[in-house]
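Going down the list, the sequences are from chains A and B. Each residue of the first sequence is one higher than the one before, counting from 1 in the working numbering. Each residue of the second sequence is one higher than the one before, counting from 1 in the working numbering.
Careful, some of the hints might be misleading.
Said to hold, decoys possible - Partner residues aside, some chain B positions facing chain A, computed with beta carbon under 8 angstroms: (1) P13; (2) L18; (3) T33; (4) E45; (5) L47; (6) T74; (7) G75; (8) S76; (9) E80; (10) Q131; (11) N226; (12) W234; (13) T251; (14) T255; (15) R269; (16) R327.
As the list claims (entries may be wrong) - Computed, partial: chain A to chain B, Cβ under 10 angstroms: (17) S35; (18) E52; (19) P128; (20) L129; (21) S233.
Calculated from the structure, these hints are not laboratory results. The beta-carbon is built from N, C-alpha and C at its ideal position, and this holds for glycine as well.
Protein chains: 2
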Amino acid sequence: MPNSPHTYKDLAPPRRLLLGPGPSMVHPRVLRTMSTPLVGHLDPEFLAIMDEIQELLRWIFQTDNALTIAVSGTGSAAMETAIVNLIEPGDRVVVGINGVFGTRIAQMVTRSGGTVVGIEVAWGQPIPLNQIAHILQTAGPIKAVALVHAETSTGVWQSLEHLGPLCHDHGALLIVDAVTSLGGVPVQVDAWHIDACYSATQKCLSCPPGLAPLTFSQRAQDVLRNRKTPCQSWYLDCTLVADYWTEGKRTYHHTAPISMSYALREALRLIHEEGLEARFARHQRNSQALLAGLEALGFALVPPAKQSLPTLTCVSLPEWLDDKTARSTLLHDFSIEVGGGLGPLAGKVWRIGLMGESSTFESVMTLLAALEQICSHVAPSHSLGQSITAALKEYSAFAHP
Amino acid sequence: MPNSPHTYKDLAPPRRLLLGPGPSMVHPRVLRTMSTPLVGHLDPEFLAIMDEIQELLRWIFQTDNALTIAVSGTGSAAMETAIVNLIEPGDRVVVGINGVFGTRIAQMVTRSGGTVVGIEVAWGQPIPLNQIAHILQTAGPIKAVALVHAETSTGVWQSLEHLGPLCHDHGALLIVDAVTSLGGVPVQVDAWHIDACYSATQKCLSCPPGLAPLTFSQRAQDVLRNRKTPCQSWYLDCTLVADYWTEGKRTYHHTAPISMSYALREALRLIHEEGLEARFARHQRNSQALLAGLEALGFALVPPAKQSLPTLTCVSLPEWLDDKTARSTLLHDFSIEVGGGLGPLAGKVWRIGLMGESSTFESVMTLLAALEQICSHVAPSHSLGQSITAALKEYSAFAHP
Chain A
1 MPNSPHTYKD
11 LAPPRRLLLG
21 PGPSMVHPRV
31 LRTMSTPLVG
41 HLDPEFLAIM
51 DEIQELLRWI
61 FQTDNALTIA
71 VSGTGSAAME
81 TAIVNLIEPG
91 DRVVVGINGV
101 FGTRIAQMVT
111 RSGGTVVGIE
121 VAWGQPIPLN
131 QIAHILQTAG
141 PIKAVALVHA
151 ETSTGVWQSL
161 EHLGPLCHDH
171 GALLIVDAVT
181 SLGGVPVQVD
191 AWHIDACYSA
201 TQKCLSCPPG
211 LAPLTFSQRA
221 QDVLRNRKTP
231 CQSWYLDCTL
241 VADYWTEGKR
251 TYHHTAPISM
261 SYALREALRL
271 IHEEGLEARF
281 ARHQRNSQAL
291 LAGLEALGFA
301 LVPPAKQSLP
311 TLTCVSLPEW
321 LDDKTARSTL
331 LHDFSIEVGG
341 GLGPLAGKVW
351 RIGLMGESST
361 FESVMTLLAA
371 LEQICSHVAP
381 SHSLGQSITA
391 ALKEYSAFAH
401 P
Chain B
1 MPNSPHTYKD
11 LAPPRRLLLG
21 PGPSMVHPRV
31 LRTMSTPLVG
41 HLDPEFLAIM
51 DEIQELLRWI
61 FQTDNALTIA
71 VSGTGSAAME
81 TAIVNLIEPG
91 DRVVVGINGV
101 FGTRIAQMVT
111 RSGGTVVGIE
121 VAWGQPIPLN
131 QIAHILQTAG
141 PIKAVALVHA
151 ETSTGVWQSL
161 EHLGPLCHDH
171 GALLIVDAVT
181 SLGGVPVQVD
191 AWHIDACYSA
201 TQKCLSCPPG
211 LAPLTFSQRA
221 QDVLRNRKTP
231 CQSWYLDCTL
241 VADYWTEGKR
251 TYHHTAPISM
261 SYALREALRL
271 IHEEGLEARF
281 ARHQRNSQAL
291 LAGLEALGFA
301 LVPPAKQSLP
311 TLTCVSLPEW
321 LDDKTARSTL
331 LHDFSIEVGG
341 GLGPLAGKVW
351 RIGLMGESST
361 FESVMTLLAA
371 LEQICSHVAP
381 SHSLGQSITA
391 ALKEYSAFAH
401 P
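Bound-form chain A, shown alone (with noise of 0.2 angstroms):
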């Protein structure tokens, strides 16, 4: 018996106040579901839950699209569902490249067997869509454009409203990325006429990883049926998954992780009590009241003010702040939980999630009231208490506009 020792003491996680891009906090309604026992994957009262899942999650990428389902892993998974369910080698997709999760569809689609048409632009900085035209009508046939709607790695959020149709004009299916934005800002799958999108359960949902919502459109459903060659993956090839979704087969696929899809059930019940409208207020409020906050003690926005995300806050760090010693005490210290910087923008930023129940006033209020203490320490000319001061002052600049 290999490297085992002879006992195991009881799980003791510490408390933390999760404030980076992911997972975020999770209701205790969401955590009380999942202790509850299981019922067999093909049992009738397992698919009615599905089907109840299927119309939240409908309602929630507000959608009619028939396959919309959970996929059975996290959110690279549902990423990697959408390209190698729609893309065949030797197609030509054009890829947002502006942070770490368009780099990643790009290296997804060559995996596939596809070809890479990149827009790079500096990380932090939204891809330009007079690019993505002129792409489009001057480049030959491209099968798919694929965005990332809020990029987690640098909290630029892609505006991307009026990109359906023009894909469309040209044959190419619109891909996005939802990973880091549904439920927390507006995601409208019909209108903005989106053919695939994609999420994950740990960000914006608060609900634990582990599923990954994922909707599909006609237009990409009726490429996926007219695939030249099989789908590489069999356990994310969506015309197997969907039979197992689709009321009247309920075909044996893999067996459903049973107790996140309670979670996610109960998650998206909160988000529907809640109701979006009032969520996104929510997320802009904290948001702008936390960047206040930031701008009081010296940290920068890195995205474009306009397109910076509420759900994820990047900011580059005052030259006197030392990221890892900074990051270390707030988690030690104050068992706070923000993110570093990822590729080129490593040990020169922080990512800050306020996401789903993370989202909060009190949130807001600790975090800053953490950094208060440790930029006092390392800044001595710095005055304690003024970026609480400026968050207080734009939450009562949005509550009485």
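Fit chain B to the known structure of chain A by using the hints.
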């Protein structure tokens, strides 16, 4: 807002006795653990939990393999991980095909660009090892031999103890599907010289579905690192996933399913407390008693007696018993789930799982008592109590040999 009614009720699935091919019953300690608030997937406290999970997985796989992880998906995701990482286009793979899961392996090999050298035998029969030896000796270069240790669709317990060295003598890897065996019957990865072995959480580990244990030998890792082409899956690419699981590296790949990891740790801890030998004996004892009871009712074992799994009993129905009616009565009147047949066995057999927490004296007695009731209605000559008596006799014989 399409298709959304105004309210969703509290989740209240019925209480089931899960005696199908999985998911199995989950211990209350595992359910409770899933309610633990989350920490981040890069939190040092979570990395320590991952270390413990790896340690316990190595123990249950009986291996020292460094690359021993939980794949972020269900059992089929782990199957696909093994295949897409080890098989490249043009590789020839010997696959034992005697049920759904051997067939699935073959499909995945094909989708990876490999060529299947299939050994097809009737569903319910084991794969003859001498056929594998013959192919290895005569059929030219073989990249891998893939076998299902516990065929969930037929209840066949495949022997493979001496196959590893034979594969290695001919330059082939040995890939083993242990989805319905790991934690229920011995799986000795190192002693049997298995190169890739995978399982699922919802069978004999009695954890909810959503993660899938996987281990690669050094030989498999060498094959992986010397690939000519990149793995076609980004999500399941073990060269990337392994870096997240490796101490000192911990490179972010995708967000680990935190709550499911909590659950898996607790499920493994329960197995560790019970001990493998005691656990295997429990599975053996309960399955023998169940089988004696089923035979007394007129059911007949499908696989050869010596190769019938203690974790999943596959029996053909007496001709006077209608499959759908009887399973529906079991589910709706007794709240007991058993599995029906798949493929050529549909309508003809039942698959009764006694896995992990489902493998108890109460499960056996409750199921047989329910079947006594059902059988007494459709076969009036049936004398009540005979299956219980037969099962009890078997328990006594097992306890006092």
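Practice problem: Under 8 angstroms, Cβ to Cβ, is where B:L47 needs to be relative to chain A, so tell me if that hint holds or is violated. | Solution: violated (11 angstroms)
Quiz item: Does B:T255 pass the interface hint, meaning its C-beta sits closer than 8 angstroms to a C-beta of chain A?
Solution: holds (4 angstroms)
Self-check item: Cut-off 8 angstroms, beta-carbon criterion: hint that B:W234 touches chain A
Solution: Holds - the Cβ of B:W234 comes within 8 angstroms of chain A, reaching about 5 angstroms at its closest.
Practice problem: Have a go at the B:T251 hint: is there a Cβ in chain A nearer than 8 angstroms to its own Cβ? | Solution: violated (11 angstroms)
Exercise. Go through the hint on A:P128 and say holds or violated, using the shortest Cβ distance to chain B against 10 angstroms.
Key: Given a least distance of 27 angstroms, the restraint on A:P128 is violated.
Quiz item: Does the interface hint hold: is A:S233 within less than 10 angstroms of chain B, judged Cβ to Cβ?
Solution: holds (6 angstroms)
Quiz item: Is the hint on A:E52 kept, meaning its closest Cβ partner in chain B is under 10 angstroms away?
Solution: holds (6 angstroms)
Practice problem: Using 8 angstroms as the Cβ threshold, decide whether B:T33 counts as touching chain A. | Solution: Nearest chain A Cβ about 6 angstroms off; hint holds.
Quiz prompt | Proposed interface contact between B:R327 and chain A, which counts if any beta carbon pair is under 8 angstroms | solution = violated (11 angstroms)
Self-check item: Residue hint B:P13, partner chain A, criterion CB-CB below 8 angstroms
Solution: holds (5 angstroms)
Practice problem: Go through the hint on B:Q131 and say holds or violated, using the shortest Cβ distance to chain A against 8 angstroms. | Solution: violated (25 angstroms)
Quiz item: Can B:S76 be said to touch chain A, with a Cβ gap under 8 angstroms?
Solution: holds (4 angstroms)
Of the hints listed earlier, those the structure fails to meet are numbers 5, 10, 11, 13, 16, 19, 20, in rising order.
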